[in-house]
Amino acid sequence: VVRVTLLTDFGTDDGFVGAMKGVLATEAPQALVEDISHQVPPGDVAKASRVLGRYWREYPPGTVHLVVVDPGVGTPRRGLALEADGRLLVGPDNGVFGRVLSEATVWTAVDLSETDLLPAPSSATFHGRDWFAPAAALLAEGAPLQALGAHVMDPMTLVGPEPSRVGDWLVGEVQEVDRFGNLATNIPGDEAERVVLVEMMGTRIARHGTYGDAEVGELLALLNSDGLLEVAVRDGSAARMLGAGPGTPVRARVRRPT
Amino acid sequence: VVRVTLLTDFGTDDGFVGAMKGVLATEAPQALVEDISHQVPPGDVAKASRVLGRYWREYPPGTVHLVVVDPGVGTPRRGLALEADGRLLVGPDNGVFGRVLSEATVWTAVDLSETDLLPAPSSATFHGRDWFAPAAALLAEGAPLQALGAHVMDPMTLVGPEPSRVGDWLVGEVQEVDRFGNLATNIPGDEAERVVLVEMMGTRIARHGTYGDAEVGELLALLNSDGLLEVAVRDGSAARMLGAGPGTPVRARVRRPT
Amino acid sequence: VVRVTLLTDFGTDDGFVGAMKGVLATEAPQALVEDISHQVPPGDVAKASRVLGRYWREYPPGTVHLVVVDPGVGTPRRGLALEADGRLLVGPDNGVFGRVLSEATVWTAVDLSETDLLPAPSSATFHGRDWFAPAAALLAEGAPLQALGAHVMDPMTLVGPEPSRVGDWLVGEVQEVDRFGNLATNIPGDEAERVVLVEMMGTRIARHGTYGDAEVGELLALLNSDGLLEVAVRDGSAARMLGAGPGTPVRARVRRPT
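Order-wise, the sequence lines are chains B, G and C. Residues 1 to 258 (the working numbering) are what the first sequence spells out, left to right. Residues 1 to 258 (the working numbering) are what the second sequence spells out, left to right. Residues 1 to 258 (the working numbering) are what the third sequence spells out, left to right.
Warning: the hint list may mix true and false statements.
Said to hold, decoys possible - Residues from chain G shown here face chain C by an in silico Cβ test under 7 Å; the list is partial: (1) 11; (2) 12; (3) 15; (4) 22; (5) 75; (6) 166; (7) 169; (8) 206.
Claimed, not checked - Footprint (simulated), chain B over chain G, 3 or more residues, beta carbon under 8 Å: (9) 31-43; (10) 59-68; (11) 106-112; (12) 208-215.
Read the hints as simulated data drawn from the structure, not as lab findings. If you're wondering where the values come from, they're calculated on a predicted model, not measured in any experiment. Cβ atoms here follow ideal geometry from the backbone N, Cα and C, with glycine treated the same way.
The whole structure should be built from the sequences, with the hints applied where relevant.
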């Protein structure tokens with residue numbers, strides 16, 4: 001069974017996702033299509049890269065991940081197909097695969113524009129339907145990656161800011177706010193494990209193991225399921241309580257190694 | 001593989017869609033169910049007709065498209081099953097199939113109320129679960145259309161206003177606003193190809209090939225992926241910038257044929 | 001064909017649902033995954049229980065219903081697997097299965113924490129991915145319920161208030177507001193059938209058969225598709241018109257048996 005997953009910024013209101021699914025059903029009739037999200041904020045390539053980072057390797061090898069967050073549609077940006085640790089990925093070359101490229105043990109990429117297997121897009125504004133979905137269908141049907149285009153050595157990546165160290169403190173920032181108002185920072189887990197105290201927006205926040213270890217309504221810092229330091233409120237929204245969001249500075253006190 | 005697609009105005013908050021999917025799983029266990037959208041504005045039959053227009057023919061023949069946007073549920077409006085260019089469709093007879101009927105090369109329709117194959121709906125308010133999903137399941141399982149009811153020659157259609165011509169200008173209106181704030185007009189593509197300039201809300205708007213051809217924040221007019229003239233803003237919302245929406249007048253200057 | 005359905009409060013913005021689907025695809029590759037909703041209000045166990053009540057038995061026996069609305073994640077609350085009238089269910093033991101347990105003819109429950117078949121969760125905050133999805137995959141692959149843990153006799157239930165009777169009046173309350181602004185009460189259908197008049201927020205509301213029997217914009221009371229008395233407005237929102245919501249009192253006059 002081959003699965004094709006879909007991640008877009010189309011919303012579901014207008015039927016654009018339906019058009020892509022119809023193309024997949026026609027051109028890869030045996031594939032199972034699974035929605036990841038169509039609610040990526042319009043054109044937010046960095047967010048799409050982080051979301052993709054959460055599931056691409058949970059799916060088994062052979063899965064095709066189709067990602068259409070494409071603010072440059074119709075301009076000469078390239079289209080890519082990738083194989084990364086056995087998973088296949090299709091989408092625009094705008095950084096949306098940045099997280100995958102940094103996590104994969106091995107990867108190969110090809111330039112979709114350099115192939116005769118795919119039609120020239122029939123619209124200037126809907127390459128998801130006219131170009132990327134047909135490419136994903138070819139891969140789902142077993143076409144080899146190399147048949148889809150010439151090798152690309154320099155796919156675009158997006159590199160976010162890294163936390164720095166100042167004495168016993170790590171200084172980083174909020175990277176993402178999730179639906180629950182939890183504030184994920186850019187402080188990675190190997191550091192986070194030694195964190196004893198966090199400061200954000202002038203507030204000192206205690207380290208806990210999980211949400212339920214704090215009192216209802218209390219701020220806490222914890223290691224989240226992406227392996228990052230996170231600031232949260234039990235049964236509430238840390239984003240709202242602190243007035244914090246992407247880019248808000250965070251300082252974390254680490255225990256000295258003994 | 002037979003697919004059943006779902007388009008409703010139910011939202012996903014309440015489990016109504018789940019009930020329909022459960023009926024399909026029970027009565028057509030081999031079918032693959034694919035969501036199109038459950039976010040059609042409540043009762044907006046015209047919007048549902050346009051959304052359906054974007055995907056019904058992208059799916060292969062044999063696909064069953066189930067559409068439940070049904071403000072008249074429980075009143076004596078008919079239920080329909082259609083075959084149009086090989087695709088099968090089920091839903092209320094309220095105009096939701098208007099776009100399909102105008103686009104199909106051939107179509108046949110039957111009246112679901114004139115059959116013994118379907119149970120009388122067990123609720124007065126949820127025909128999606130009790131009547132339309134069972135009808136879709138029968139078609140997915142291979143029942144012939146004729147078995148589901150008597151022929152209908154006059155399914156309801158919705159006909160929107162057509163643009164008119166005044167000298168070198170086409171005069172139309174905005175038909176739909178999509179998630180990105182793009183304003184799709186009722187000016188069709190064969191005309192749109194000769195458009196050189198657009199006026200809306202007192203603003204003159206230049207014609208471009210695609211979003212990326214304009215400057216960031218600049219208004220542009222282009223031919224969209226439905227084949228209609230559209231007004232957009234690069235990386236922004238034309239609806240918000242112009243204060244425009246469905247029904248807003250638009251004038252387009254066309255190049256004279258040489 | 002085995003189906004696994006998903007009900008969560010994760011939203012779809014962040015890719016958490018994608019991670020769970022990836023685990024299912026890896027560990028139960030033949031199963032078909034169907035979304036019910038990811039829009040349960042964060043942590044609203046009572047709402048999730050009502051939503052689950054709408055579809056769990058519409059699906060055929062053998063279906064696996066995975067429910068992750070889990071405000072107590074990481075605390076010592078149990079994880080459950082259930083068999084109820086032939087359907088299989090997996091989720092936290094926090095009342096989310098209350099409706100199922102009250103509706104099922106027969107049920108058996110086991111405690112997921114008492115098994116070696118499942119890994120210890122690798123995160124403290126994402127048991128959907130690390131614990132419940134693997135359990136659902138085992139059931140979808142045919143593992144017997146008993147293999148997943150020791151019997152539980154006392155799964156948590158949530159019991160809402162029951163309506164009371166005062167002379168010819170039933171006194172109850174609004175239980176749920178749906179997407180259309182319809183107000184579902186806790187007055188059950190066998191009583192509702194004898195209701196002739198309803199009072200809510202000081203307004204007298206006539207009994208009708210279905211929405212279309214009232215005038216546009218008129219309030220009406222009817223028997224809804226869950227078998228409960230409901231207050232609605234034709235083509236409008238009763239919640240907005242009356243300023244009512246969960247907990248709003250309602251009185252219903254019943255016809256005396258003759």
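These are the hints, each one checked on the structure:
| no. | hint | verdict |
| --- | --- | --- |
| 1 | 11 | holds (4 Å) |
| 2 | 12 | holds (4 Å) |
| 3 | 15 | holds (4 Å) |
| 4 | 22 | holds (3 Å) |
| 5 | 75 | holds (3 Å) |
| 6 | 166 | violated (37 Å) |
| 7 | 169 | violated (37 Å) |
| 8 | 206 | violated (35 Å) |
| 9 | 31-43 | holds (count 8) |
| 10 | 59-68 | holds (count 3) |
| 11 | 106-112 | violated (count 0) |
| 12 | 208-215 | holds (count 5) |
Of the hints listed earlier, those the structure fails to meet are numbers 6, 7, 8, 11, in rising order.
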